[in-house]
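Enquirer: All chains should be built: construct the whole structure from the sequences, respecting the hints.
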Amino acid sequence: MDTLVLWLLVLVFAGAFVAQVAARVRLIAIAPNTFEITHPATRVARVLVEVFGQRTTIRERPIAGVAHAFVFWGFIAFAPYTASEFLAGLGIVDVTDSGWFAAYRILLTPCAMAVLLGILFLLVRRTIIRPAGLGTNVSIESVVIALFITTLMATFLLTWWIDESTTAGRINWWVHVSVILGFLALIPGSKHLHLVFSPITWFLKSPTLGNLPNLDFEKEEVGLETVKDLGSKAVLDAFTCVECGRCQVNCPAWGAGKTLNPKTIILQTEEALLAGTRDRALVDLYSAQALWQCTTCGACENQCPVGVEHLPILIGARRGAVSNGHAPDYLGAMYNNLERRSNIWGLSYGEREKFVETAGLETFDPAKHDVLIWLGCAGAFDADYQKSMRSLFEILRAREVRFGVLSKERCTGDAARRTGNEYVYQELATANIETLTAAGPKTIVTSCPHCVKTIGDDYRTFGYRVEIVHSSVYIAGMLNELQPDETAPASTVTYHDPCYLGRYGGTVDEPRALLARMNAQVNDPVRSRDNPSCCGAGGGLLFADKEEEPGTRISDMRLTELQKTGASTVVTACPFCSIMLKGAQASRQADVHVVDLMTFVNGRVRKL
Amino acid sequence: MHIAVCVKQVPTRDWQPRLNDSGTWIRDEDASFEMNEPDAYALEAALRLKEQHGGDVTVCSAGPARVTQVLREALARGADRALHVQDDRFASADVYGIADALAAAIRDEPFDLVLTGLQSDDLGAAATGVVIAERLNRPHATIVMDVQVDGGTLRVKRELESGWFQWVSMPLPAVVTIQSGINQLRYATLKGIMAAKKKEIRTVTPAAAIDARQQIARLYAPEKGKKTHLISGSPAEAAKELVRRLREEARVIA
Amino acid sequence: MILVVAEQRGGTLNRASWEALACAQQMGGEVSVLVVGAGVDAVARELSAADVRDVVVVNHTALADYTADGYTAAVTDVLSRITPDVVLFPHTYQARDFAPKVAARLNRVAITDVVAVKRDGDRVVFVRPVFQGKLLADVVSEGDAPCIVTVQAGAFQAAAVRRGASAAPIRQLDVQIDEAAIRQKPEPPFQESRQAVDLTQAERIVSVGRGIKEQANIAIAQQLADAMHAELAASRPICDAGWLPMDRQVGSSGQTVAPKLYVALGISGAIQHLVGMKGSQTIVAINNDRDAPIFEVADYGIVEDLFEMVPALTAALKS
Numbered sequence: 004m005d006t007l008v009l010w011l012l013v014l015v016f017a018g019a020f021v022a023q024v025a026a027r028v029r030l031i032a033i034a035p036n037t038f039e040i041t042h043p044a045t046r047v048a049r050v051l052v053e054v055f056g057q058r059t060t061i062r063e064r065p066i067a068g069v070a071h072a073f074v075f076w077g078f079i080a081f082a083p084y085t086a087s088e089f090l091a092g093l094g095i096v097d098v099t100d101s102g103w104f105a106a107y108r109i110l111l112t113p114c115a116m117a118v119l120l121g122i123l124f125l126l127v128r129r130t131i132i133r134p135a136g137l138g139t140n141v142s143i144e145s146v147v148i149a150l151f152i153t154t155l156m157a158t159f160l161l162t163w164w165i166d167e168s169t170t171a172g173r174i175n176w177w178v179h180v181s182v183i184l185g186f187l188a189l190i191p192g193s194k195h196l197h198l199v200f201s202p203i204t205w206f207l208k209s210p211t212l213g214n215l216p217n218l219d220f221e222k223e224e225v226g227l228e229t230v231k232d233l234g235s236k237a238v239l240d241a242f243t244c245v246e247c248g249r250c251q252v253n254c255p256a257w258g259a260g261k262t263l264n265p266k267t268i269i270l271q272t273e274e275a276l277l278a279g280t281r282d283r284a285l286v287d288l289y290s291a292q293a294l295w296q297c298t299t300c301g302a303c304e305n306q307c308p309v310g311v312e313h314l315p316i317l318i319g320a321r322r323g324a325v326s327n328g329h330a331p332d333y334l335g336a337m338y339n340n341l342e343r344r345s346n347i348w349g350l351s352y353g354e355r356e357k358f359v360e361t362a363g364l365e366t367f368d369p370a371k372h373d374v375l376i377w378l379g380c381a382g383a384f385d386a387d388y389q390k391s392m393r394s395l396f397e398i399l400r401a402r403e404v405r406f407g408v409l410s411k412e413r414c415t416g417d418a419a420r421r422t423g424n425e426y427v428y429q430e431l432a433t434a435n436i437e438t439l440t441a442a443g444p445k446t447i448v449t450s451c452p453h454c455v456k457t458i459g460d461d462y463r464t465f466g467y468r469v470e471i472v473h474s475s476v477y478i479a480g481m482l483n484e485l486q487p488d489e490t491a492p493a494s495t496v497t498y499h500d501p502c503y504l505g506r507y508g509g510t511v512d513e514p515r516a517l518l519a520r521m522n523a524q525v526n527d528p529v530r531s532r533d534n535p536s537c538c539g540a541g542g543g544l545l546f547a548d549k550e551e552e553p554g555t556r557i558s559d560m561r562l563t564e565l566q567k568t569g570a571s572t573v574v575t576a577c578p579f580c581s582i583m584l585k586g587a588q589a590s591r592q593a594d595v596h597v598v599d600l601m602t603f604v605n606g607r608v609r610k611l
Numbered sequence: 005m006h007i008a009v010c011v012k013q014v015p016t017r018d019w020q021p022r023l024n025d026s027g028t029w030i031r032d033e034d035a036s037f038e039m040n041e042p043d044a045y046a047l048e049a050a051l052r053l054k055e056q057h058g059g060d061v062t063v064c065s066a067g068p069a070r071v072t073q074v075l076r077e078a079l080a081r082g083a084d085r086a087l088h089v090q091d092d093r094f095a096s097a098d099v100y101g102i103a104d105a106l107a108a109a110i111r112d113e114p115f116d117l118v119l120t121g122l123q124s125d126d127l128g129a130a131a132t133g134v135v136i137a138e139r140l141n142r143p144h145a146t147i148v149m150d151v152q153v154d155g156g157t158l159r160v161k162r163e164l165e166s167g168w169f170q171w172v173s174m175p176l177p178a179v180v181t182i183q184s185g186i187n188q189l190r191y192a193t194l195k196g197i198m199a200a201k202k203k204e205i206r207t208v209t210p211a212a213a214i215d216a217r218q219q220i221a222r223l224y225a226p227e228k229g230k231k232t233h234l235i236s237g238s239p240a241e242a243a244k245e246l247v248r249r250l251r252e253e254a255r256v257i258a
Numbered sequence: 179m180i181l182v183v184a185e186q187r188g189g190t191l192n193r194a195s196w197e198a199l200a201c202a203q204q205m206g207g208e209v210s211v212l213v214v215g216a217g218v219d220a221v222a223r224e225l226s227a228a229d230v231r232d233v234v235v236v237n238h239t240a241l242a243d244y245t246a247d248g249y250t251a252a253v254t255d256v257l258s259r260i261t262p263d264v265v266l267f268p269h270t271y272q273a274r275d276f277a278p279k280v281a282a283r284l285n286r287v288a289i290t291d292v293v294a295v296k297r298d299g300d301r302v303v304f305v306r307p308v309f310q311g312k313l314l315a316d317v318v319s320e321g322d323a324p325c326i327v328t329v330q331a332g333a334f335q336a337a338a339v340r341r342g343a344s345a346a347p348i349r350q351l352d353v354q355i356d357e358a359a360i361r362q363k364p365e366p367p368f369q370e371s372r373q374a375v376d377l378t379q380a381e382r383i384v385s386v387g388r389g390i391k392e393q394a395n396i397a398i399a400q401q402l403a404d405a406m407h408a409e410l411a412a413s414r415p416i417c418d419a420g421w422l423p424m425d426r427q428v429g430s431s432g433q434t435v436a437p438k439l440y441v442a443l444g445i446s447g448a449i450q451h452l453v454g455m456k457g458s459q460t461i462v463a464i465n466n467d468r469d470a471p472i473f474e475v476a477d478y479g480i481v482e483d484l485f486e487m488v489p490a491l492t493a494a495l496k497s
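Chains as they are written, first to last, in our numbering: chain A, 4 to 611; chain B, 5 to 258; chain C, 179 to 497.
Hints in this document: simulated from the structure, not taken from any laboratory.
We put the CB at the ideal spot given by N, CA and C, even for glycine.
It cannot be assumed that every hint is accurate.
[To be verified] Covered by chain A, per the in silico footprint, the following chain B stretches (three or more residues, Cβ under 8 Å): (1) 215-227; (2) 231-239.
[What the hints assert, rightly or not] A few chain A positions that, by computed beta-carbon distances, are all more than 12 Å from chain B: (3) Asp332; (4) Arg468; (5) Ala593.
Expert: Encoded structure:
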């Protein structure tokens, strides 16, 4: 009788599970295929570390992360137990009387205690502590799930005291089994679907941050316009999201009180997919305001514990909007600058030539020069940033590095690409690749992390391969040749990691090594290294004329964090960060000095 | 409303001058080209008028084969069709030759309004629009900041000097030259670029011989580029010297 | 003979006319001046002080307000009766509006924006900037006289005009104008309302940056702006601090301006500020930091404490 009832229940609940999962799998299947499996070894390794090792889950929130890890690892430990119980209950095979099963039960006991400890902590955190990232309302469903897990563990532990053959024992067994079945039915419709999808999502997540498909104009690709344009990975992401809010609390826009919340973007995607509003314009779904507040800093993706990629969705939707002429006015002006002047500020090319002349730069010749210096827009046109470039040149010249520049250099197209103007980006990229190929450098050195990303990663997808390194990496490579000037006073500085250098490029040690070499003590700010908070300039927001609305300026927020280190000097290594932080410093008349890394190093290095 | 916009293709602003062997014109093959910026504002003004009043925008250019690039760009930005008066000699033709050819090409078309930029970034004569108006015997206005159309009447805001403006009315059809910077240029969208591929560019040869009324005997670089003059001396001396230079050299104060 | 077409509006002579006259005198030969309008005898008398053969005056009620059609008709009518070799206009906004039309009606083309005149044997060579001033062109006219030319403002010195020993004769000339054929209907000229600050329309701007140190010091910049008939503006830190309202902010998060004169006081020249004022015709920078990036874009720079320099400059302007 019990067996028959269990069969019936299993069929009903497993059926409910399969039906609900199938509906979502079908939505993934009909979406344009964006699954990529390049670098399989990297992907497998990452699944192991991230899913089974719970790396990101723990790194961001150690206590809650470990609690979650207890529950997760406990589940894995319990899987054979649950399977055995069901096989026995369904009358297929009974191994529960074997000796090894008894031993296994003993081993499971501490696991059950750990799970219990973990889940009770998580329950308290969700219902009583309630951190902002989890949203304003307590999720009833999460509470139910937590109680389910508690019940599962409790019913397991009770088996030590209650004999299974007694009535109480049978009730205990049935409660245990029913909870598992209920759990099964609840999973697909809730954030707990991540139990099923997250290993796949992690495997399919791009190995490089900010990896975007190039649009093929011949195929009339214009970016993501409506819900049905969302790619299969984006759809999978929407169903995998575990709503933990790590993306939200790490997002500079959300932190500054703006409309954008990366978690909301994913939840809105899920809702629209399930509602079947496939022709809904994404710019309406997410709101234009939110869409244009993303700095593309990548914090959301980097902190996501289940492998969700926000940037392809946000930038994809920007592409759709831009392709239809719906870019904000300040970007329209910037696009015209790029189209007509090939630089983001629309300045006359003569300005670059004046700098090239006054700085005594030679035109790159592979026979004469070791490296090509890529000036970038700031290096070519911003008189303030040119001081940093001159410092770099001085350091290089003193060490007899032979370098040259291109006679004609255009913006890499970074600002166009991140804001969704793929047409202007590809025009610039094609022209630059042609110039670079003709010049033939083996190594390019630049002070702009955005140029490193665009030339190094994005141009590669057009088949252009070159070694491009940030100036901090190149100069750190000659650390032994750099002696600090003894007369320079000891100094305490804080270092602001640029997002495109630290998070995208993973370059975090070289700038610090240079600072330490120059006898500077580095106090890291609250967010640093591969999870810095953004200066507010990325993703085209350098040009936003009303960057502060609504909310505060992202740059002000970051400068405050940097000031809290107590250091009187802020060092950074990106022209955009430099512009934003100097702007924030000037506007607040803050008692702190913002300086670029190369200027700092050159000011303290012993002159040869 | 049927609007024609006359655009010119000129060397890009970041082009560095290289001269031909005789030193009378530039080396065309070294230059990269773009739409004359003042004409881009004229095109934008035309597109806005079309959005307001309906009708269509035809973009016209007299030039060699390479001119299709700017015509295509204009179509991508929203022009409906293009007219190309093609001849290699237009590359270095004077205002007379270009204006004559354009006027002849659009004479028989039912345009209510012909717009063009105030001047070109190459020759900078600031005359083509006026000459077209004279050739077509249509009223015109130059250095226009705002264009209003009400039935058969055109009302434009002209820029005078020293911060003065003036509204001028005239009957349509008419010719107007647009001051740069009067509007925010739209950027070329992917949708527009794709749509442009399906639009028509009609190519015609000039109706008559291309006459010239002026000849460039020699082209050469001017002596100095922009330089910062640092003025030294005591505050009083420096102030006196700066005021003198602003009055006499720069002529920016009375 | 060279005919200079002087420009007046509402009976006031445009001083650029003197520059065109200077050019004509420098070219040599007989010079005649033409002034057209309604009731412009006083302007003619003013012009008669120059060393010229005569001043031709055309008075007609249809010429009271400038119209391209009316002025073209008047000048072409004059040119059918007196036959100069060269007709010189100042390259003003008005001349740009109708000088090419006069030339076209005569089946010629105007040589515009001339900065110098040379002789090459018996040919007159006009020098004009081309390709955005990157090059100069020596231009010669093809075809018959007259050759229609406009002269760039500032290329010739008004002060260089030779005065006559006695006033030149003034000659009235009647022209036939069909008033009904004037298609342009002008409205009275106006200046943009000064209610709200519109820096984008300002001819001159005095802009203050952090070097001003305190809100109270803005007064010295205001005094300079008043003496220069300039608008007061600021860089972002000043407006963020609330020392001046946001509508006075120049830069990428404020206004983009293009005045004839931009005076930067204590502004270091961050790129976000520079992009908002790079279109200015003449830039003056006063800053005590010689390395400030603003000097890279300035036409005139003074490395000096602005608290010393600004009052001195205000005084120099007033004297």
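Enquirer: So, for every hint listed, does it hold in this structure?
Expert: Here's how the hints hold up against the structure:
For the segment 215-227 of chain B, the assignment as covered by chain A is violated, since 0 residues bring a beta-carbon within under 8 Å of that chain's beta-carbons and 3 are needed. A count of 0 residues in the segment 231-239 of chain B with a Cβ less than 8 Å from any Cβ of chain A is obtained; the coverage claim is therefore unmet, three being the minimum. The Cβ of Asp332 of chain A sits about 6 Å from the closest Cβ of chain B, inside the 12 Å cut-off, so the non-interface label is violated. At roughly 26 Å from the closest C-beta of chain B, the C-beta of Arg468 of chain A stays outside 12 Å, upholding its exclusion from the interface.
Every CB of chain B is more than 12 Å from the CB of Ala593 of chain A (nearest about 30 Å), matching its label as outside the interface.
Checked against the numbered hints listed earlier, the structure breaks hints 1, 2, 3; every other hint is satisfied.
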